[in-house]
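Peer 1: Using the sequences and the accompanying hints, generate a full structural model.
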Amino acid sequence: AEKTIKLGVIAELTGDMPAVGASCRNAAELAVKEVNAAGGLQVGKEKMKVELVVEDNAGKADQSAAAAQKLITQDEVVAIVGPNASRYAIPASEIAESEKTVLITPWSTNPKTTMDEKTGKPKDYVFRACFIDPFQGGVLAKFAYQTLKAKKAAVLYDVASDYNKGIAEVFKTNYEKLGGKIVAFETYTTNDKDFSAQLTKIKDAKPDVIFLPNYYNEVPLQVQQAKRLGITVPFIGSDSWGSPELLTLGGADLNGYYFSTHYAADNAAPVAKKFIADYEKAYGAKPDDVAALTYDAFGLLFGAIKSAGKVDREAVRVSLSTLPDYKGVTGDMKFKADSRDPIKSAVILEIKDGKFTYFTNAKP
Amino acid sequence: MSASMAGIEDIQLEVRDLEVHYDGIRALHGVSFTVLKGEIVTLIGANGAGKTSILRAISGLMPYGGSVVFEGQSLKRISAHRIVGLGIAHVPEGRGIFGNLTVQENLRLATWQRADKGEIAADYDRVFAIFPRLLERQHQLGGTLSGGEQQMLAVGRALMSRGRLLLLDEPSMGLSPRLVQEIFRVVEDINRSGTTVLLVEQNANRALRIASRAYVLETGNITLSGTGRELLGDPRVKEAYLGG
Amino acid sequence: MNTMRNPGWEWLMAQRWILPALLLIGFGLAFAIPEYNLLNKYVQLVMMYVGINIILTVSLNLVNGYMGEFSLAHAGFMAVGAYTAALLTQKVLPIADYPGLFPLAVLAGGLMAALLGLIVAIPSFKVRGDYLAIITLAFLMIVKSVIENIDYIGGPRGIPGIKKLTTLPWVFFWTVATIWVVRNFVYSKYGRGVLSIREDEIASDLMSVNTRRVKFLAFMVSSFFAGVAGALFAHLLQFISPRVFDIIKTTDVLIMVYLGGIASISGSILGAVLYTVLLEVLRPSNFAALVSWLPDVIFDPLNQYFIRHLGVWRMVIMPLALVLVMLYWPRGIMGLREFRWFVPKRDLDAHHRHVAHGGSHDAPHGH
Amino acid sequence: MSEGIIYWLQQTLNALQLGSIYALIALGYTMVYGILTMINFAHGDVFMVGAFFCFLAAVYLGLPFVPTLLLTMLGAALVGVMIERLAYKPLRNAPRVSAIITALGVGIFLENFTLALAPYPKNIPALLANATWNMGGVSISSLQIIIILLSLGLMFVLDYVVYRTPVGIAMRAISWDKTYVPLMGVPLDLIISVTFAIGAGLAGAAGTMYGLAYPVIDPYMGIMVGWKAFISAVVGGIGNIRGAMIGAFILGGVEIMVAAFFPSTYRDFVAFTLLMLLIVIRPYGILGQPRTQKV
Amino acid sequence: MTLLTATKVKHYFGGLCAVADFNLQLQSGELMGIIGPNGAGKTTIFNLITGVYRASEGSIRLRDVELVGKTPHQITALRVGRTFQNIRLFRDLSVLDNVRIAHYAQVHYSPLEALLHIGRYRREEQRIIDNSHRLLSIFKLEHLAGETAKNLPYGSQRRLEIARALAIDPELLLLDEPAAGMNPNEIDQLMEFIQWIRQEFKLTILLIEHQMKLVMGICERIMVLDFGQTLSEGPPTVIQNDPKVLEAYLGEGSIG
Ligand SMILES: Nc1ncnc2c1ncn2[C@@H]1O[C@H](COP(=O)(O)OP(=O)(O)OP(=O)(O)O)[C@@H](O)[C@H]1O
Ligand SMILES: Nc1ncnc2c1ncn2[C@@H]1O[C@H](COP(=O)(O)OP(=O)(O)OP(=O)(O)O)[C@@H](O)[C@H]1O
Ligand SMILES: [Mg+2]
Ligand SMILES: [Mg+2]
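Chains as they are written, first to last, in our numbering: chain A, 1 to 364; chain X, 1 to 244; chain S, 1 to 367; chain C, 1 to 295; chain P, 1 to 256.
Simulated from the structure, these hints should not be mistaken for lab results.
Each hint should be verified, as a subset may be incorrect.
[What the hints assert, rightly or not] Residues from chain S that face chain C, not an exhaustive set, calculated with beta carbons under 10 Å:
#	residue
1	M13
2	R16
3	K91
4	I95
5	V127
6	I135
7	K144
8	H309
9	L320
10	P344
11	R346
Even glycine gets a Cβ: it sits at the ideal position worked out from N, Cα and C.
Peer 2: Quick look at the structure:
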């Protein structure tokens, strides 16, 4: 039989964030289908087909590790894409690191995912396709203070979720450094649907802007409830807003608000436009940022394998870390020699007429 | 009077070759007997002889082999709550009072299958006339009644369901001598007013005295039968059940 | 009690040497497997999960099965053990220089969990049934909330980069220790006290059982081993966060306990093995590999339309299987029964003193 | 009005709304819980299925509010009865905990089965016009009022059914001991099925109302809600309708007020500690009574 | 010598006064009966003595130890054993375990010895097993040692309950309606049996019973309770003919 390149995916297909897992799997399958449709990947002199092994982690840390171990030792994949949430990506990355296999997490923004806790240095084999929390928190603080000219800000975030809490804290630090005042720093817990107590408190504190670094399935509820309580100030958010689902779920309630994310569909490069069209054709829905980042993770991998010229884990790692500027759906990215986090920029989108519209590019 | 001499229309309950199993172990080995209209029939037997099992089978609380025919109708595949509707009332062993219901609610529950409002009211009066204590305790929770009161309630409940055949499982258990007398008197009264009674009792002396006929049950088999008087005089019964 | 009457089985169960023999072989293998890579690392990892799950299941069975309460706090105790041990190995003990200190950390995790077991044990003197279930649930939520609010231990971000100290021999050792101690407990006056509390607490007290002391011990032993399991888990996964120990984790352990059977050590072992292994076997690619012997005409469409989508469906199949098992064995597969290997010989003999040789059954409720 | 009072009033209103939402779910929960004394882990998931039925009816059939609500209740009731017949009835004479675990299994099944069909969260359209009034700084919405009234109304209806009607007496009798219930002429299976149907129908209604109040639904939305219903029912006193209501309001009140007057990070800690103390102080719930069991 | 003294014991359930003014002096070695109408408070008195309920007022002393305020297991450890009006065996446990459990206070090993099966564990366990078997064989239950208690016929369950009560090595044995559900013939056997264990185990017995045959047959002294108060007290012959007792309890008729 012909030789194939085996790549693994670990996705949150079941458990607490199935939508993330579904997008990740969809984009992965799309990426692989495209490559194979083109006859396969050019490795050295031959074209090789790509074979995908998708594993569910059931939204559990231990199953993430098991899935990683299985993909590496049993399926002998060349590299792994996923998991997405940091709390699943970290245990999987520990396995990848000790088994010397490249793992790219599309969406884990926790700095610790790619860092070796013991040495304080970056891990050798663990990469990511997205920017990290401190970067984004900084961007947003600046945006709120300088662009929106908000002197007082309130934050409402999920205290039980690493991502939300991380960004909220970075935002707070940076915002205060700029001279702004955080008038309310309120929390809730994952799966809460009622935020009225916290929002009433926030209303009482009279902020100029409210920051919601929360997931797109919670943000509409928060905004609606805030409006019902008579809160009129604008809201801003982070990349966790960046799913077209936000618009379906939130409707017109969200018009006029801003959030930072990885790319702007309407201001995108041709690669992105093509991806969006293909994805929509295949799955009947617009890709969210997890899908886009997963697609880019595969793009990075394909590039690395191609330039390595052979199907070898170590070679893939070396060529990935030295990959020249990669033009992906979510923008241009490149890994610095001493970092596993790509250098890439964020964009700020505005929600206008029920659509995401490009507002500005942002650097911290 | 024996069963064979009675006309078909007189037979109210006919039990044939009744077999019952618990966890695969046979507790009744083909028991047969009949109860005629208007009789008090008593079943006596040692602990574990299977008396309770017979009653449970008749009122459809457990599956069995053999047949049970009530007023010409086989009860075999009829569910327990329908059997009540057909006219069999059962005062179970241990009384089966619903402790979280008041006395009144316990009584009311037993009228589930009845629609005759006026007569229900009359039956309440009848029950309270028989057991004035229940009237006093109408609003007390069943679970806090004393043993004797609970027994009264259990019998009262059976009366409320207007059974033509009353199955009584050890109604005198745990009652003071005075109440025992009272219960037996009530059983006779109820019988006199037209209700057939199938009575299971440990207090063989008394039971045989009020019984028209009796059967002796030993480890799942009927070993003796006759009129109450006959058995009361039978030396075998005397030795095994009436004590020295 | 009547499912296993065939003579071969009877003979097997009567061989008292088998368990010690298995133990020895087990220990040998536990060292040999990682040393010589007899099995691939994925299988090794799953084996370690199985071991940890056995510890969790056997220890929870003590409270939920033997004592008949419905505790939901197990993941909470596990968290306490995990955090205590991880903090010790990360920040206090010089583990880098002396990896041999690891057992100390595990022990400390267990002890800390046992200490917090008091929070549940004390209300249990007064509160029972579903009301106690709420208390255990509240305990779990409180533990989670406390961890989330302490930034020093990572808050919701948890502790990454924990040293990988949990190895197959250690897991095996602790699994055996758990089984042994819990079994010893069960076959002692305290264990019988626990059983009698399940049956009838008032009567138990009136038959001289010091119910408070017994509950106290049962909760302590149970939470101790939950803590141990947590400590091992932390140093296997190399990462812990409050989310890892949420109500879902408790639910998993509950399923394993009741699947295997209440008040049965062999049942708990069975439940943990079945559940853990089945979840892995039902992974699409594993499942595909299992049925790959099928002819292509059958396999290809099966794979194309079903197996590849098993990722989501395995979580549909698992609970269905659980329901079916419960319908068939309402007390769990081994409910109230025990492999005679686990029953002390003295107990076995005591129950069969006057029963003719061979006319035996599996000891009821493990006695 | 001073700002402090407005704040107070607003938070009280918030508490009332959250409490009634919990009550809506807890009432159905406690019905089933009351008679079978079985922690019905699947209740929260029937509630979730109800919310999805509501979504289907509103979006795919384009139905207005009332038919949607009725259809949802009917659908949920059917699901409830099916679960009872297939998964609980065979275990009626088994230990209580077997049915609890079966319920757990059924719940997980419902979650993941729904998930397999609908991996992304769904949005429930606004079936009711939701007006918001501002009364001197305190805002009240029509939906809030509807939910509060609905849960109060339901409580009275259920309370009447359980304590005043023959069906209610039968239900309570079953909860005490079902062995001899048939001897009263009561069709045991039917009553249990009816109770399940009512309980599940209420879960469906709660799913709809919840969906309107918090319009984003997903397959796992029932888990936490199920636990909260369980807590409400137990805190109020198992099987006690009014108790469930009170329990729900206590839970809602504590959650809102702790967040309102403490740093909100401590909410869960304080709320659950209070809950624990409450149970220790009242080991049979607020309105519950120990089952008088004579020694 | 007085073994048990109760003075001015009162007990309320909510508003209900179940025991109004109970006084008792029980001599060591005595066999005394308590009778009285249903709901007179007889069982409640047993519950007060054994610590199931805490007396609202008054004092109950075993020799000079005050029992009010002690927990049931503490009282049991002072060698007070009892049976129940409604059988309360550990239904799902084996017959042997039912008896072994009641040895709890007499098994002397520490939790640590129990967890590791070391030290005194083996010796003590063996001793308890032997003693349990001894009791079971006295009650003709030895062949059923491995049987689950709930599968026993009613009569055997009653016997097992007494065996279990004896396992705590009581000095004072409280029997609550031991003859309930027995036919007259079985009651005869029970009477003999009670007298025999009394000798064999050197027991002081207090028993509640509605079967006059048994009460009048074996009790040396009888106390009649009504509405939580002593109505009459004395030897059987006196009680039998006391008009108050006839009126409140025995009714117009005979015994049995
Ligand atoms: N639930 C049960 N499980 C197993 N065996 C049972 C059960 N109920 C009764 N048996 C057995 O069936 C036989 C007949 O029991 P049954 O209760 O019918 O006797 P009985 O004549 O009513 O006795 P008693 O006078 O004690 O009430 C006995 O041997 C008893 O042990
Ligand atoms: N736990 C309880 N709660 C409320 N009332 C109770 C409780 N236990 C007993 N009682 C009441 O106290 C009174 C005495 O009850 P007790 O059980 O002592 O009577 P008894 O003399 O043993 O009667 P019997 O001969 O019927 O067993 C009764 O009126 C009873 O209803
Ligand atoms: Mg009987
Ligand atoms: Mg009594």
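Peer 1: Hint by hint, note whether the structure agrees.
Peer 2: Here is how each hint holds up against the structure:
Contact between S/M13 and chain C, as hinted, is not supported at the beta carbon level, the nearest pair being about 25 Å apart and thus beyond 10 Å. With a cut of 10 Å, the hint placing S/R16 at the interface with chain C is violated, because the nearest CB-to-CB distance is about 31 Å. Interface hint at S/K91: violated, since its Cβ lies 23 Å from the closest Cβ of chain C, which is beyond the 10 Å cut-off. About 31 Å separates the beta-carbon of S/I95 from the nearest beta-carbon of chain C, more than 10 Å, and the hint is not met.
Checking S/V127 against chain C: minimum C-beta separation of about 5 Å stays under 10 Å; hint holds. Proximity of S/I135 to chain C holds as hinted, the smallest CB-CB distance being about 5 Å (cut-off 10 Å). Taking 10 Å as the C-beta cut-off, the interface hint given for S/K144 holds, the closest approach to chain C being about 7 Å. Annotation: interface hint on S/H309 holds; nearest CB of chain C at approximately 8 Å, less than 10 Å.
About 6 Å separates the beta-carbon of S/L320 from the nearest beta-carbon of chain C, less than 10 Å, and the hint is met. Contact between S/P344 and chain C, as hinted, is not supported at the beta carbon level, the nearest pair being about 26 Å apart and thus beyond 10 Å. Because the beta carbon of S/R346 sits about 29 Å from the nearest beta carbon in chain C, more than 10 Å, this interface hint is broken.
In this structure, the earlier hints numbered 1, 2, 3, 4, 10 and 11 are contradicted, and the remaining ones agree with it.
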